[in-house]
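Participant: Chain by chain, the residues run as shown.
Protein chains: 4
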Amino acid sequence: MPRVSEEHLERRRQQILDAARLCFARKGFHDSSMQDVFAESGLSAGAVYRYFKSKDDIIAALATQTMTEIREVMAEAIHAETLPTPAELIALLAQNIVARSGPEGPVRLAPQAWSLALVKPEATGYVREAILAMRDIWHEYADKMLTAGWLPEDADTNAVAVALIGLLPGFILQHLIIGDPSPETLARGVRTLLPYGEPATR
Amino acid sequence: MPRVSEEHLERRRQQILDAARLCFARKGFHDSSMQDVFAESGLSAGAVYRYFKSKDDIIAALATQTMTEIREVMAEAIHAETLPTPAELIALLAQNIVARSGPEGPVRLAPQAWSLALVKPEATGYVREAILAMRDIWHEYADKMLTAGWLPEDADTNAVAVALIGLLPGFILQHLIIGDPSPETLARGVRTLLPYGEPATR
Amino acid sequence: MPRVSEEHLERRRQQILDAARLCFARKGFHDSSMQDVFAESGLSAGAVYRYFKSKDDIIAALATQTMTEIREVMAEAIHAETLPTPAELIALLAQNIVARSGPEGPVRLAPQAWSLALVKPEATGYVREAILAMRDIWHEYADKMLTAGWLPEDADTNAVAVALIGLLPGFILQHLIIGDPSPETLARGVRTLLPYGEPATR
Amino acid sequence: MPRVSEEHLERRRQQILDAARLCFARKGFHDSSMQDVFAESGLSAGAVYRYFKSKDDIIAALATQTMTEIREVMAEAIHAETLPTPAELIALLAQNIVARSGPEGPVRLAPQAWSLALVKPEATGYVREAILAMRDIWHEYADKMLTAGWLPEDADTNAVAVALIGLLPGFILQHLIIGDPSPETLARGVRTLLPYGEPATR
DNA sequence: CATGAATGAGGCTTCATTCAT
DNA sequence: GATGAATGAAGCCTCATTCAT
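Residue numbers (the working numbering), protein chains in the order written: chain A, 6 to 207; chain B, 6 to 207; chain C, 6 to 207; chain D, 6 to 207.
Source of the hints: derived by calculation from the structure; they are not laboratory data. A few of these clues could be false.
Because identical chains share one entry, a pair is satisfied inside a single copy or across any pair of copies.
[Said to hold, decoys possible] Derived lysine to any residue pairs resembling SDA-like cross-links, with alpha carbons at most 20 Å apart: (1) LYS60 / GLY47; (2) LYS125 / GLN70; (3) LYS32 / PRO126; (4) LYS149 / ILE83; (5) LYS60 / ASP41; (6) LYS149 / PRO200; (7) LYS60 / ARG18; (8) LYS32 / ALA65; (9) LYS125 / MET39; (10) LYS125 / GLY107.
My request is simple: use the sequences and hints to build the entire structure.
Facilitator: Right, here's the structure in full:
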């Protein structure tokens with residue numbers, strides 16, 4: 006007979022994650038202290054530790070959540086009625102990334118999660134799963150490209166997925182660190198290289 | 006042990022960088038303590054601090070050095086007599102990356118540097134420069150692609166560079182975190198997508 | 006041990022200041038380590054740093070407190086119903102100083118604060134204020150001397166304050182470093198020089 | 006059969022003391038590192054340590070030298086043919102102090118030495134001696150005041166010295182920390198209080 | 001005689017986490 | 001359930017001094 010509703014608990018959890026996301030996006034996993042999270046969330050130390058067992062726990066939850074969101078955008082896109090060309094798909098994803106890349110946006114957590122995966126065995130697992138899941142979707146997309154006749158019949162769609170998936174981290178890094186390439190520029194580059202469905206073929 | 010040669014000094018510097026590289030590749034920038042570096046280098050705290058004024062200084066030197074090395078491999082490749090196809094070029098780079106990706110290899114520093122750039126203003130500068138320099142080389146390559154007739158005459162070679170550059174971080178992350186795609190797989194994927202110079206066109 | 010009273014917090018603060026005063030009086034600001042303060046106070050590092058943000062902060066609090074105390078003694082004395090002669094006043098102050106000059110007494114902090122003010126810009130401010138405040142009181146006293154007819158009508162009471170204020174640091178240094186002059190000796194010297202209110206004038 | 010002349014050694018010693026004086030006046034005993042002294046003197050670590058056995062040794066030499074200088078000025082003054090009044094004497098001394106109080110002047114070492122004497126047993130000795138020697142001179146002056154008829158015949162000239170000596174540290178501190186009182190102001194204050202030899206007596 | 005690279009103890013401070021209230 | 005004061009290990013770096021060259 007819990008005193009507080011399940012819903013209340015979930016709300017508290019999310020409140021903490023939101024605060025942590027702001028902190029981590031601003032200052033990074035390591036340079037944000039738990040004190041920062043307490044202050045940002047408006048909760049006490051004890052309260053936060055009731056919902057998460059450790060700082061790593063919060064990071065794991067947040068990293069997973071963030072990578073899941075990007076994946077969902079992509080999943081939705083490739084399941085649309087008309088198959089988007091790579092350029093269209095990438096334009097959509099890049100726009101979404103930009104929208105979530107503000108100074109406190111969740112996309113800033115992605116490179117930190119990649120880095121963490123190299124260094125903390127506990128993190129390796131969930132980052133790995135997230136990347137594999139992402140690659141599965143790209144694989145699925147590559148299969149559809151094959152079906153659409155955009156790839157030779159004997160194409161190794163897994164290899165194609167391995168190649169295409171790089172477009173995203175490439176864009177994320179350029180966007181976050183340099184700040185310049187617009188989604189349109191990236192899409193134009195991709196369209197130039199992979200001009201499927203364009204009026205003029207190569 | 007005074008009045009040592011310039012060369013000795015440089016050797017000491019490199020000795021410290023080598024030790025730091027091992028530490029950082031193994032445990033990450035943050036989780037490697039300076040004590041780790043002292044122990045790994047066989048030098049005392051004071052000795053290390055004679056050559057580098059802070060831990061951040063070592064990180065900067067190492068990150069810059071590492072990113073420069075990768076860039077040089079690429080620069081050399083695209084200046085070869087015969088212009089490599091994207092697949093050939095990527096195969097070469099990916100092989101190089103794999104060779105430097107052992108448990109203590111310098112490539113493991115790259116994602117850490119990207120992450121650092123988002124979080125430490127002092128790091129932003131040199132990581133940014135490294136990425137821009139890399140993109141310049143890709144831009145140069147894209148220009149050569151144009152000249153080789155692999156791109157339409159009105160192609161935006163800058164946009165092409167923005168797209169192509171992603172192949173590298175994409176591969177690095179997959180290789181370091183998942184461990185699976187071989188350089189050949191990546192090259193095959195690229196060759197499938199960009200079949201320039203292949204006997205049979207699409 | 007949360008949700009403690011305001012009073013508890015203040016007690017802790019004073020507990021730390023008391024411990025620090027002992028340490029600093031014994032070994033000086035610089036030669037007392039924070040570890041010494043932790044040990045003397047019976048608190049952990051973290052606890053101390055909850056109340057003071059740095060060692061300098063503790064020093065500042067202590068120096069100010071100490072200089073304020075001496076000033077209060079003097080303020081009280083010169084506001085007494087009957088104006089004390091310089092000799093009486095100095096006797097009182099010197100007695101007070103001796104009482105606070107034990108091996109762990111706060112007066113030992115004064116010369117250290119003067120020294121600090123020459124060397125640490127952050128300290129200059131509060132030491133300066135303390136000296137100026139002290140001089141204001143001496144100025145006030147000099148004005149009363151004028152009113153009492155102890156000074157010529159056209160006397161520059163500010164200049165008199167500048168001169169008289171030296172009696173204190175002079176006594177403090179002699180007492181702390183040499184150990185010998187008693188308050189009575191000093192008072193006798195002053196009475197000899199400034200025999201106001203004495204039965205026989207010069 | 007020394008290789009270098011005694012004179013050369015003495016010159017080196019003084020070169021080091023001069024450099025150290027600059028450093029210590031600027032940043033204080035503690036905050037000046039030996040490295041600072043090496044740099045300022047243009048000598049190597051080994052060279053400096055050939056002439057002084059330790060940092061404390063340099064401090065001791067410098068503190069003693071400085072306090073001796075001030076004493077000599079005073080000794081000379083009171084041995085002049087005509088006995089100066091206290092106001093005249095103090096004016097002279099204060100002028101001398103001001104002249105040596107520049108940002109790198111030796112007078113800045115005095116308060117540091119006083120402070121040191123409270124804290125380092127090795128320093129207590131020589132600071133104590135310096136103060137006692139100074140007081141001896143004031144005592145001598147007080148005796149002359151007696152002879153000049155400025156003091157009652159039964160005056161305790163030692164007590165008078167104890168009182169008068171404070172004028173100097175008082176002025177030094179006000180001058181160094183606050184910066185304001187001019188030698189003239191101090192002298193005017195003293196003349197007001199001790200108007201010996203003035204046309205109009207009290 | 002001089003050099004200056006090397007030493008290494010020790011200083012200040014931070015911060016994830018706990019638990020008495 | 002919540003609070004927040006307290007813990008204490010561990011991190012980065014400085015600096016007086018030595019001694020091989």
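Participant: Hints first: check each against the structure and report whether it holds.
Facilitator: Against the structure, the hints:
1. LYS60 / GLY47: within (16 Å within a copy, 29 Å between copies)
2. LYS125 / GLN70: For LYS125 and GLN70, the Cα distance is within 20 Å only inside one copy (18 Å; across copies 24 Å).
3. LYS32 / PRO126: between (22 Å within a copy, 10 Å between copies)
4. LYS149 / ILE83: This pair counts as within: shortest intra-copy Cα distance 9 Å, inter-copy 33 Å.
5. LYS60 / ASP41: Only inside one copy: LYS60 and ASP41 sit 12 Å apart there, 23 Å across copies, limit 20 Å.
6. LYS149 / PRO200: both (16 Å within a copy, 19 Å between copies)
7. LYS60 / ARG18: Only inside one copy: LYS60 and ARG18 sit 13 Å apart there, 30 Å across copies, limit 20 Å.
8. LYS32 / ALA65: Both: 17 Å inside a chain and 18 Å across chains, each within 20 Å.
9. LYS125 / MET39: The answer is both: 19 Å in one copy and 18 Å across copies each meet 20 Å.
10. LYS125 / GLY107: between (27 Å within a copy, 16 Å between copies)
Violated hints for the displayed structure: none, as all numbered hints are satisfied.
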